Amino acid sequence: AQSVAQPEDQVNVAEGNPLTVKCTYSVSGNPYLFWYVQYPNRGLQFLLKYITGDNLVKGSYGFEAEFNKSQTSFHLKKPSALVSDSALYFCAVRDLFGNEKLTFGTGTRLTIIP
Amino acid sequence: DTGVSQNPRHKITKRGQNVTFRCDPISEHNRLYWYRQTLGQGPEFLTYFQNEAQLEKSRLLSDRFSAERPKGSFSTLEIQRTEQGDSAMYLCASSSSDSRRGDSPLHFGNGTRLTVT
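So the protein lines, in turn, are chains Z and W. The numbering of the first sequence is this note's numbering, which starts it at 1 and goes up by one. The numbering of the second sequence is this note's numbering, which starts it at 1001 and goes up by one.
Derived by calculation from the structure, the hints in this document are not laboratory data. One or more hints might be untrue.
Unchecked claim - The calculated DSS-like cross-link candidates involving lysine-lysine, where the alpha carbons are at most 27 Å apart (straight line), are:
| # | chain 1 | residue 1 | chain 2 | residue 2 |
| --- | --- | --- | --- | --- |
| 1 | W | LYS1071 | Z | LYS101 |
| 2 | W | LYS1071 | W | LYS1011 |
| 3 | Z | LYS77 | Z | LYS101 |
| 4 | Z | LYS58 | Z | LYS77 |
| 5 | Z | LYS101 | Z | LYS69 |
| 6 | W | LYS1057 | Z | LYS49 |
| 7 | Z | LYS101 | W | LYS1057 |
| 8 | Z | LYS49 | Z | LYS69 |
| 9 | Z | LYS77 | Z | LYS22 |
Remember, predicted model here, so these are calculated numbers, not experimental data.
Just chain Z, same shape as in the assembly (with noise of 0.2 Å):
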């Protein structure tokens, strides 16, 4: 079975600081990453991925991953925070090669503070 765990809830940070918001994942084969990013009552918009390659990725609005096989994370990383980087955050994984379903952290709430 596959998992995904984002161990804090919710994360504070100043403006202008860099931010990380930390996922851990457990699959049985290679692992298909993803960060998604949900705003009050809309859906969820794709932020990165990650396949195989080069193990920082980068993505929208600025923030990049970077995947690492021996922990098992995928941590969420910015620069510097904005203010209206403030959302909901949400890892997810799947099998490479295995079936098409997509398991989704519970989420984490970023919270950037003026």
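The hints should help you fit chain W onto chain Z, whose structure is shown.
Coordinates of chain W only, in the frame set by chain Z:
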């Protein structure tokens, strides 16, 4: 690209009634997914279609739930004899599969929020 469209945005119904939701995916996408999201939780997979074929169903999808995608374009999700526990946001997503480039990420609609009273 108009994105994934879901209707209605909100539905309030009484327990025991039937409801149906519609999802129109991005036109060139051959895969369509239904997820359910409750407050404080991430989306939970319900089912997915490749073209008109329903290829996978979650155990969460009880006999009261049925999904169709008759022509491989739009999809409907019906819940019969609704219960209060069915109250949730129902999300639809679509993607395309390409054997050369791999899968595209899921593109989500804004969801249908169901409230069962």
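Here's how the hints hold up against the structure:
1. W:LYS1071 - Z:LYS101: Holds, at roughly 22 Å.
2. W:LYS1071 - W:LYS1011: holds, 25 Å
3. Z:LYS77 - Z:LYS101: holds, 25 Å
4. Z:LYS58 - Z:LYS77: Between Z:LYS58 and Z:LYS77 the Cα gap is close to 10 Å, so the pair holds against 27 Å.
5. Z:LYS101 - Z:LYS69: Judged against 27 Å, a Cα distance of about 21 Å means the pair holds.
6. W:LYS1057 - Z:LYS49: holds, 24 Å
7. Z:LYS101 - W:LYS1057: With a Cα-Cα distance of about 9 Å, the restraint between Z:LYS101 and W:LYS1057 holds, given a limit of 27 Å.
8. Z:LYS49 - Z:LYS69: Holds, at about 15 Å.
9. Z:LYS77 - Z:LYS22: The hint holds at about 9 Å.
Checked against the numbered hints above, the structure breaks none of them.
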